[in-house]
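K.L.:
What follows is each chain in one-letter form.
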Amino acid sequence: MAPIVKVDDLRKVYKGGFEALRGVSLSIEEGEILALLGPNGAGKTTLISALCGITTPTGGSASVGGHDIVTGYRAAREMIGLVPQELALEPFEKVVNTVRFSRGLFGKPHDGALIERILRQLSLWDKRNSRIRELSGGMKRRVLIAKALCHEPRVLFLDEPTAGVDVELRRDMWQVVEGLKAEGVTIILTTHYIEEAEAIADRIAVINKGEILLVENKADLIRRMGRKTLRIDLSAPVDRVPDALQDYHLELTGDGQALKYHYDTQGDGTGITRLLQALAKEGLSLRDIETRQSSLEEIFVGLVQEDAQ
Amino acid sequence: MNLHAIWAIYVYEMKRFFRTVMESLLSPVISTSLYFVVFGAAIGSRIEQVEGVAYGAFIVPGLIMLSVMTQAISNASFGIYFPKFIGTIFELLSAPVNFLEIVIGYVGAAATKALMIGVVILITAQMFVDLDIQHPVAMIAFLVMICLSFSLFGFIIGIWAENFQQLQLIPLLVITPLVFLGGSFYSISMLPPAWQTVTLFNPVVYLISGFRWSFFGTADVAIGVSLAAIGVFFALCLAAVWLIFRTGYRIKS
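So the protein lines, in turn, are chains X and W. For what it's worth, the working numbering labels the leading residue of the first sequence as 9, then goes sequentially. For what it's worth, the working numbering labels the leading residue of the second sequence as 25, then goes sequentially.
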């Protein structure tokens, strides 16, 4: 089956000379959920903007549903729904009017029943006659989603949909995403949050400095990213790691005050229990322990360094 | 043609107008009444007839034109500048619409608002002076053309403007002087010959002259020239908008 979104060597150089996209190629299958991960300024939003027609690419090509985004822009864009990162909404307009406007803009006749269904699904129905400026940030985010969904898109771009939203909305949003997936809608989601990608994505693409570093099945990537560090603060400093603990590949901090143990949460056993027993056996007294998940940013740095080598 | 999109934009823009309909209509009515009190009654009573028309009536076409032009420009420029300012322009850019559809929606709405204001001023003027419109069809045609072309011009300003000051700049620095010096309140023939020649470089002269002709049958310049002037202006604005959307000037990065 042909991919529903096909990006081929897409480039974007801004006027100042900044290269936001350096030849991005990507195929997205119909009905899948792809999480696009990357640090700030990686090119996530530029890629989405280029596909949606907000930014003009300076090289390469892309198609949505087999329609070229430049020559067949009408057919391509009719298939696309976009929830932007910014809460860009007209403050004085009523919720229901702004949603109706979006549907009309995408060339669809008014459909009250559909709009009601979408507003109810997003818990916006009670607020339909409220002005946008009266809504909270989370509610505004819901309105943006309603606007993107009201023309029944086949491909939905969610640009950091859960940045700064509460737990409830995040859960609602994931439910909506699940519902859309069941209807066969393809979803491309950008996020900083690994948990979010973990919760809903089928595949994960990592982008940095305008280049796709990898596109991988979620499970495989999470395993690679799922490393944690246990930091053990000692009551008294030591000169070196005791020989009996060599198997744990411990790292001693510069001041000799703490030991660091790296382990894999996805593995069969983390080895923490054994390590703590071994420490006690060696007569080391512990002052504090702390565990830390490798942050996504760190993983990106790792990937970039790997990429450079 | 994405007719649903045109209609959606048009209705959305008109709603904005009707949200503040009292404010939108009240200010032109009050300012027109003030002009009549000052120019029509106070000063006008000491001015003899201009080209066979009582001065109070003579200034009506110019007054309508002044309001219609400034309203068309401010409505249209604000209409497109506002989405740019608050970021909702992304939706227009990502929608399956072409430049013509966007322009018809926005400019159509701005022109409709300007036309409504023009009609309200005309009705207000009727209360102050006796008006006998000689060429009503031509008058309406002129009014519509002016509403459309100045809305188009306002649309360009709205795209060009990068802040609210710039949005005010052109209407204030260019349009108001051109309209005032374009014979709104006097006949060109009342000026010294040298200034008459200078005035002919003011495009607004042709518009006011043509519009006044539709009222009283007298004009500073031939009606054909007036028609050509408004036609050329309209075509220039349309070409500029086409170019803007082709290059993405100030709307697309």
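Please keep in mind that the hints were generated in silico from the structure rather than gathered at the bench. Backbone N, C-alpha and C define an ideal beta-carbon position, used for all residues, glycine too. Worth double-checking, as some hints may not be accurate.
Said to hold, decoys possible - Facing chain W, according to a computed beta carbon distance under 7 Å, are these residues of chain X, among others:
no., residue
1, GLY67
2, ARG85
3, LEU90
4, GLN93
5, ALA96
K.L.:
For every hint, state whether the structure bears it out.
P.N.:
Hint by hint, here is what the structure shows:
1. GLY67: Where the cut-off is 7 Å and the nearest Cβ of chain W is about 15 Å from X/GLY67, the hint is violated.
2. ARG85: 4 Å, holds
3. LEU90: Check passed: Cβ of X/LEU90 comes within 5 Å of chain W, closer than 7 Å.
4. GLN93: 10 Å, violated
5. ALA96: Constraint on X/ALA96 satisfied, holds at 3 Å.
Going down the numbered hints, you'll see the structure goes against 1, 4, while the others check out.
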